[in-house]
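Spelled out from the first residue to the last, the chains are:
2 protein chains.
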Amino acid sequence: MSDASSSKFLNRKQVNETLSRKITIALDAMGGDNAPVEICKGAYEACTQYEDIEIILTGDTKRINACLTPHERIHLQQASEIIDPDEHPANAIRKKKDSSLRVAMEMVRHGDAQGCISAGSTGAIVAGGVLVVGRIDGIDRPALGIPVPSTGNVSFMLDVGATVRCKPENLLQFALMGSVYSRKILGVENPQVKLLSNGSEDIKGDDTVLAARELIERQGALNFGGYIEGNEVFFGKADVIVCDGFNGNIALKLGEGLIQGLKSMLTDEVKNSLMAKAGILLLAPTVKKLLARFNYEKYGGTPLLGVKGAVLKAHGRSKSPAIVSAISAARKFIAEDGTEQINRDIER
Amino acid sequence: MSDASSSKFLNRKQVNETLSRKITIALDAMGGDNAPVEICKGAYEACTQYEDIEIILTGDTKRINACLTPHERIHLQQASEIIDPDEHPANAIRKKKDSSLRVAMEMVRHGDAQGCISAGSTGAIVAGGVLVVGRIDGIDRPALGIPVPSTGNVSFMLDVGATVRCKPENLLQFALMGSVYSRKILGVENPQVKLLSNGSEDIKGDDTVLAARELIERQGALNFGGYIEGNEVFFGKADVIVCDGFNGNIALKLGEGLIQGLKSMLTDEVKNSLMAKAGILLLAPTVKKLLARFNYEKYGGTPLLGVKGAVLKAHGRSKSPAIVSAISAARKFIAEDGTEQINRDIER
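Chain order of the listed sequences is A and B. Sequential numbering from 332 applies to the first sequence in my numbering. Sequential numbering from 332 applies to the second sequence in my numbering.
The set of hints was computed from the structure by calculation and includes no laboratory data. Mixed in with the good hints there might be a few duds.
Which copy is meant is left open, so a pair is good if it fits within one copy or across any two.
30 angstroms max Cα-Cα, derived DSBU-like pairs, lysine-lysine [what the hints assert, rightly or not]:
(1) K393 to K602
(2) K393 to K428
(3) K608 to K619
(4) K426 to K650
(5) K426 to K602
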C-alpha cells in the first residue's frame, strides 16, 4: 500500500495539488452575535476574494436565504437547531444532532469539507472537534492557538481556552503542535518554544509546568527555551508560548480588557484638556494603526489544533471582515495541510 | 485576663493610640536592584514626610552609612549577609540567619518593629513571612495583594505570587483576607469579592476554582459576586479579585508588559509621522497622568497578608519614591492594625 492511500490525510503531492483545486469549508451560519447576517456577508466577500474556495453554509436555509447574496461557490445545508452559548457544550453537541455547528462538523468528519468555522460557543466547538471531527492519534486534548501581537515577531500562543486544566503530557503535545503550526503556517524556520510561568528561573512554575518542562527537555525534538514570564509575552520573546487553557484564557482576555480599559481611561482624561483633544486628533491614525495589531478581525480564526481537520473558532462578535479572515486562515491551514503536518510530527 | 492582654495583637484602644505614638518599621537596606542607595534615600524622605515613624535599616552598616543622610528617627542594625534573587527562598531564609532580610523579619517576630519592608526576592520575603514572622492561626498560606488600576474603583487583587498553586481552602482564606483589607485599609464599605476565572458562567472554572466558589458560597460571610473574567479586571467590576499565585503573577506581569509593549510600539509608529510626533507632544501630560495610575512607585508596597505583622514587598526596581510609598503603606497597615483585623475575621 502506498503512503498516500494508507493515510486518511493528504500526502505532499496531494497538498501541492490542493492550491490548484477547490478548498471546501463548512461555515456555521447561525453561530455568533451577528449571525446569520454578518456570516453570510463574510462568506460572499471571501468568495469574491479567493477563487479556490467553496463554502457550505449550515443553518436555517430560510433565514440564510433572506440575507445571503447568492454566489455560485456558496452552497446551503439545512440544519434546524442552534447551540446556545450557555448550553453545556458536550451535551449540546451530543443532543443537537441537527444543529448548524454539528452539521458543519459532520461534513468535515465525512470528508464533504476539509474544514469548518464557527463564531458560536467556544466550548461547543471544542466538544464538537473532539466528539464529531475526532482527535489526531497521539493527541489527548486539543488546543486553541492565537497569534499574539508584539514589538518583535508574532508569537503563537496555545492553549487559550480549549483544555481548561492540563496534565504535563498535554502541555508537551501543545508544544509540539504549536511548533508545527509556527513552522508550517506562520513560516518561522526553527520556532523557539517557551512555557508560560511565574518566573524565568528553573525553580519557578507550578507542579504541572515543572513536569512539562522536564518532559519537553527529555523529549528533545523541540527548540525549547524554558520559561517565559507574563511581562515578556508582548515582546516577541518566543515563537510559541505554551500554557493551559485556564491561564491562556485569562491572559488573552486580560490583554483585550487592558487595551479597552486604557482606551476608556484615555477618553476620560482627554475630556478635560483642549490640548489633549488636539493631540488625540493628530495621533489618531497612528493609534489606529497600532491598535489594528490587536484587532481580532485581522487574524479572525483561532485554529483548534489536535483534531482531524481544519476547525476554526471565529470571535463571537465577528462581523464580515473577521469571517473573511477566518476563512482565509482556514484556507491556508487546509492548503498547507496543517492537520497532516501535526499528524506526522506527533507520529515521530 | 483581659481581651487586650490575652492577644498577641493590639486591641482597639491600643490601635487608636498607635497613630499618636511611633510606628517602627524595619527596612531591608540591601534588597532590590538599587540597594542600598535608593533604600536609604527613601527612608530619609519618608522620615521627613511622616513624623510618627521610626525606621531601622538592616544590612551592612558600613555601606549604609556611606550613602545615608542621617536622621534622628533612622537607626541601623548590622546584618552581614544578603539573600540573592536566585537562591532557593526557604533555604536562604533558614541558612542566612544574619541576612538583612532575616534580621528585619526577626525584629517583627520579637516585637522590635511592627512591620518590615524589602525590595528583595519575593520568594524569600514569602518564606521569611511564614518561617520567621509566622502565620496567623487559621491561615494556611499567605497571599500578596495589589491594588489594580481601573476605569472605576480600584480593585484589590490577591494572590499575585506568594502561593503558586492553591487549594480551594486557600482561595477562601484569600477572599476573607482581601475583604478585610479592602474594608479596613482601602475604605470600601461592603467590598464585593470575585474569583478570577475563564468565564462568568457557573460551569466555568477549573476544579480548584469551582470548589473554592462552593466553599465561599457555603461559608456565607462574604459579599460574593461569583466569577470575574480577565477582560473585566481593569474595569473595577470587583472590589476584591481572588486568584492563585501562579495566575495572579502571570496576570500582573502581563499587564505590566502590555503597557510597556504598547509604549514601545507607539514610539516605533510615531517615528514615521511628523503629525503623530506633534500629537504625542500635546498628549504627553495626559498620557503621563494615565500611566501614573499603573505606576508601582505610587502604591509601592505589596502587603503579604496572613502573617503576624505588616510585611511588605517593594518592587525590585524600587527607587526612593517607591520606598516612600511602601513605608506609607506599611504605616497605614500598622496604624489600622491590619494584622489584628484579619486575625479577628478569621477567628469568626
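Status of each hint after checking the structure:
no., hint, in the structure
1, K393 to K602, "neither (47 angstroms within a copy, 53 angstroms between copies)"
2, K393 to K428, "within (19 angstroms within a copy, 78 angstroms between copies)"
3, K608 to K619, "both (16 angstroms within a copy, 15 angstroms between copies)"
4, K426 to K650, "within (28 angstroms within a copy, 61 angstroms between copies)"
5, K426 to K602, "neither (52 angstroms within a copy, 56 angstroms between copies)"
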